[in-house]
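Q: Residue numbers (numbering that gives the first Met the number 0), protein chains in the order written: chain V, 0 to 302; chain C, 0 to 302; chain P, 0 to 302.
No wet-lab data here; the hints were simulated from the structure. Take every hint as true, because none was put in to throw you off.
A pair holds if it fits inside one copy or across any two, identical chains being indistinguishable in the list.
Straight-line alpha carbon distances no greater than 20 Å define the calculated SDA-like cross-link-like pairs of lysine to any residue that follow:
1) K3 with L301
2) K302 with T33
3) K239 with Q225
4) K13 with Q172
If you want the building blocks of each chain, they are given just below.
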Amino acid sequence: MNKKDLISIMDYSKEDYLRIMDMAADFEENPNQTLLEGKVVASLFFEPSTRTRLSFETAISRMGGRIVGFSDSGSSSVSKGETLHDTIRMVSQYADLIVMRHPLEGSARYAAEVSSVPVINAGDGANQHPTQTLLDMYSILKTQKTFDNLNIFMVGDLRYGRTVHSLLMALSQFENPIFNFIAPEELQMPEEYKIYLREKGIRFFEHREFTDIISEADIVYMTRVQKERFSDPMEYEKVKNVYILKNSMLKHTKPNMRILHPLPRVNEIATDVDQNEKAYYFQQARNGVFAREAIISHALNLK
Amino acid sequence: MNKKDLISIMDYSKEDYLRIMDMAADFEENPNQTLLEGKVVASLFFEPSTRTRLSFETAISRMGGRIVGFSDSGSSSVSKGETLHDTIRMVSQYADLIVMRHPLEGSARYAAEVSSVPVINAGDGANQHPTQTLLDMYSILKTQKTFDNLNIFMVGDLRYGRTVHSLLMALSQFENPIFNFIAPEELQMPEEYKIYLREKGIRFFEHREFTDIISEADIVYMTRVQKERFSDPMEYEKVKNVYILKNSMLKHTKPNMRILHPLPRVNEIATDVDQNEKAYYFQQARNGVFAREAIISHALNLK
Amino acid sequence: MNKKDLISIMDYSKEDYLRIMDMAADFEENPNQTLLEGKVVASLFFEPSTRTRLSFETAISRMGGRIVGFSDSGSSSVSKGETLHDTIRMVSQYADLIVMRHPLEGSARYAAEVSSVPVINAGDGANQHPTQTLLDMYSILKTQKTFDNLNIFMVGDLRYGRTVHSLLMALSQFENPIFNFIAPEELQMPEEYKIYLREKGIRFFEHREFTDIISEADIVYMTRVQKERFSDPMEYEKVKNVYILKNSMLKHTKPNMRILHPLPRVNEIATDVDQNEKAYYFQQARNGVFAREAIISHALNLK
Numbered sequence: 000m001n002k003k004d005l006i007s008i009m010d011y012s013k014e015d016y017l018r019i020m021d022m023a024a025d026f027e028e029n030p031n032q033t034l035l036e037g038k039v040v041a042s043l044f045f046e047p048s049t050r051t052r053l054s055f056e057t058a059i060s061r062m063g064g065r066i067v068g069f070s071d072s073g074s075s076s077v078s079k080g081e082t083l084h085d086t087i088r089m090v091s092q093y094a095d096l097i098v099m100r101h102p103l104e105g106s107a108r109y110a111a112e113v114s115s116v117p118v119i120n121a122g123d124g125a126n127q128h129p130t131q132t133l134l135d136m137y138s139i140l141k142t143q144k145t146f147d148n149l150n151i152f153m154v155g156d157l158r159y160g161r162t163v164h165s166l167l168m169a170l171s172q173f174e175n176p177i178f179n180f181i182a183p184e185e186l187q188m189p190e191e192y193k194i195y196l197r198e199k200g201i202r203f204f205e206h207r208e209f210t211d212i213i214s215e216a217d218i219v220y221m222t223r224v225q226k227e228r229f230s231d232p233m234e235y236e237k238v239k240n241v242y243i244l245k246n247s248m249l250k251h252t253k254p255n256m257r258i259l260h261p262l263p264r265v266n267e268i269a270t271d272v273d274q275n276e277k278a279y280y281f282q283q284a285r286n287g288v289f290a291r292e293a294i295i296s297h298a299l300n301l302k
Numbered sequence: 000m001n002k003k004d005l006i007s008i009m010d011y012s013k014e015d016y017l018r019i020m021d022m023a024a025d026f027e028e029n030p031n032q033t034l035l036e037g038k039v040v041a042s043l044f045f046e047p048s049t050r051t052r053l054s055f056e057t058a059i060s061r062m063g064g065r066i067v068g069f070s071d072s073g074s075s076s077v078s079k080g081e082t083l084h085d086t087i088r089m090v091s092q093y094a095d096l097i098v099m100r101h102p103l104e105g106s107a108r109y110a111a112e113v114s115s116v117p118v119i120n121a122g123d124g125a126n127q128h129p130t131q132t133l134l135d136m137y138s139i140l141k142t143q144k145t146f147d148n149l150n151i152f153m154v155g156d157l158r159y160g161r162t163v164h165s166l167l168m169a170l171s172q173f174e175n176p177i178f179n180f181i182a183p184e185e186l187q188m189p190e191e192y193k194i195y196l197r198e199k200g201i202r203f204f205e206h207r208e209f210t211d212i213i214s215e216a217d218i219v220y221m222t223r224v225q226k227e228r229f230s231d232p233m234e235y236e237k238v239k240n241v242y243i244l245k246n247s248m249l250k251h252t253k254p255n256m257r258i259l260h261p262l263p264r265v266n267e268i269a270t271d272v273d274q275n276e277k278a279y280y281f282q283q284a285r286n287g288v289f290a291r292e293a294i295i296s297h298a299l300n301l302k
Numbered sequence: 000m001n002k003k004d005l006i007s008i009m010d011y012s013k014e015d016y017l018r019i020m021d022m023a024a025d026f027e028e029n030p031n032q033t034l035l036e037g038k039v040v041a042s043l044f045f046e047p048s049t050r051t052r053l054s055f056e057t058a059i060s061r062m063g064g065r066i067v068g069f070s071d072s073g074s075s076s077v078s079k080g081e082t083l084h085d086t087i088r089m090v091s092q093y094a095d096l097i098v099m100r101h102p103l104e105g106s107a108r109y110a111a112e113v114s115s116v117p118v119i120n121a122g123d124g125a126n127q128h129p130t131q132t133l134l135d136m137y138s139i140l141k142t143q144k145t146f147d148n149l150n151i152f153m154v155g156d157l158r159y160g161r162t163v164h165s166l167l168m169a170l171s172q173f174e175n176p177i178f179n180f181i182a183p184e185e186l187q188m189p190e191e192y193k194i195y196l197r198e199k200g201i202r203f204f205e206h207r208e209f210t211d212i213i214s215e216a217d218i219v220y221m222t223r224v225q226k227e228r229f230s231d232p233m234e235y236e237k238v239k240n241v242y243i244l245k246n247s248m249l250k251h252t253k254p255n256m257r258i259l260h261p262l263p264r265v266n267e268i269a270t271d272v273d274q275n276e277k278a279y280y281f282q283q284a285r286n287g288v289f290a291r292e293a294i295i296s297h298a299l300n301l302k
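Required output: the full structure, derived from the provided sequences and hints.
A: Listed below in structure tokens is the structure:
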């Protein structure tokens, strides 16, 4: 199968990453390249996700493509007991490309095997969300001008947060990264990722406190600490106000440091940070459109 | 900020009204002016509203624009606890224009302050619904050829009906209007609007009965009397069949009189009125497409 | 009224069928004929139906048309108590064509009477689903090269299955068909259809067993046997595994025999059939796009 699916960030080589970055920059300069004229893209969201869906649908629209699909499984055949296999087989008869979000881990890979057209994973449960990683990378490259020698701080839920795992894997392909993990005990970076880093000889540091240690950071990647992740509610109460980024904490950070967040945020970044020029999460959302235009181009060999 | 938001009908001057009327007439002659080619409009309906949404989406489509968005908040990030601030900041990174419907009064003004692209209010709770007023005005101008010296009858729920309030404010900018208010005691026109009319020296009359007094009307603007507006259910029972327009009541009305209704109606206009040439509410809905094409053009300086 | 509505399969003559087949073949060769440029199609799904909706929306998109509408009645004005009459009157002010799915039998015919633009019935309850029949016919013609002298087996729920009823009516217009009905006692072909066939002198045979009798078939049309159709649950338990098509049953069938199914399937076709070249149901879904492009063209006189 030489279909260019994007299911996991590891489906792409370092060369693919760089090619996507180049194309994203090109789309940023001219977002309305109508390469999708005459094409139909199926946007299948088996669970709601406004941000990702609107970002993809904006990308498709700017490229002149047409969209069919659904924004939650309630209005899909799933409610009639149809299997994912049959839904995907059917939709791949209609569309030139499938963008899929599904609550089940592994569903995207399965869909890609069944589909006759390329599948782009827009998130499959706690598993993978590779287009988020590529827009994160594009945001890092735009602000830091390089992927090499970066000091990346990851904060919050590092145990269940799929975005930090994928970003870690992707950035490990580049020269000499340093990772700093800041998380409560229950939400630490899983052992498998630490083993991976050790094997590659990549330096990383773990912290429980979220204080002025971020002064060394090039990128501070914030994530949400969700109550339902804690087995003991008291544990959550103890840490819930610890992993909040406040404007006062940015005083001694590097001039070129930038704050990323996959959004939506709840309270983990105080709103007084929004005015700070180091706050980059809304521009990051904007970059998502260009990164997704690049990913779609790549999947369909449009450039 | 010189963004051309449309949040309240009072955001527009008399000159703006007339310009919108001119443009609407131009769009009615040729609805498919593809001025939105290459543009993406976010259609954010935090509560369902078929009529308004389909009317806007038809206008955008006829102008060659693309639409992203949602038709109720269930499939939006709101369910993940995202603030309106963040949703709007995000969406204004994607789209060239935001059309927003939201149940909360004041939400549209707030969205306009947060957004980097123009915001058009498609209804914010009981507060404002300015595009409805502009299509009402276009319908009046088309049928009466003038905004001056008109005798406007407003019938039904004049207390909570935002459409009659906005229409009253807008028409008061023109020469010598007369208003007649026909409403049950609990649903009378609020004092503040009557004070406004008195200060401007505009004549108005109040009636409890809905009989043949409409013989003087140029426009009869019907609205729904909803049960849930009454504190005492018995009050509703007493009046529920009083404010219903029937075909027999139209016999002695002016030849050029026209009946408007923002729709949806429940039973306040008997269906035998539909065949009468004075029934104008479905053409009024049609006018909504042209008025909204004009409003979008105005917001984005397309003409 | 010379609007070209499609409400029932009997609205079309034999000549219409053949014209649709010709046009469908033409669209299959070139699906992206942009005959709908500048046109807006209302896609009104008062109940969810992914397959039919996506198929129609793909057809409209490939033809360059724009879509407005809703995918379930929850986000429509229906929830505000608006009548179907008013909804259709309103929408026909906006759109050039209405595609409608509604749970109520007869609703499509009523909508066509009220609408000023053509209405295509995308299913009205248990009543009619004519576009499914036309895509079934196109699938039969593509695989058998003729509508004459065909031996059609219909299997499963022949009592409530609207697709088999409509297909029977349509194929009866052609030369010398033979029908074989395979169904449990409670779900047999209704008497009225058998009377119709007898009056036209068309041969048909009824079977309770689903075994190797399909060796004579040109087409095996499978349908779902639903538990809720049985008054006695024990009856369902007795037959539920009887009307399942398995790959082993295909050994002695004609080389050119093809299996159709309107989809979604639950378990009535074993998945091992999918690999068999006689399995045609996914291509059948694909044919639906071309058939619907033809139907839309016909409704709007585009060719």
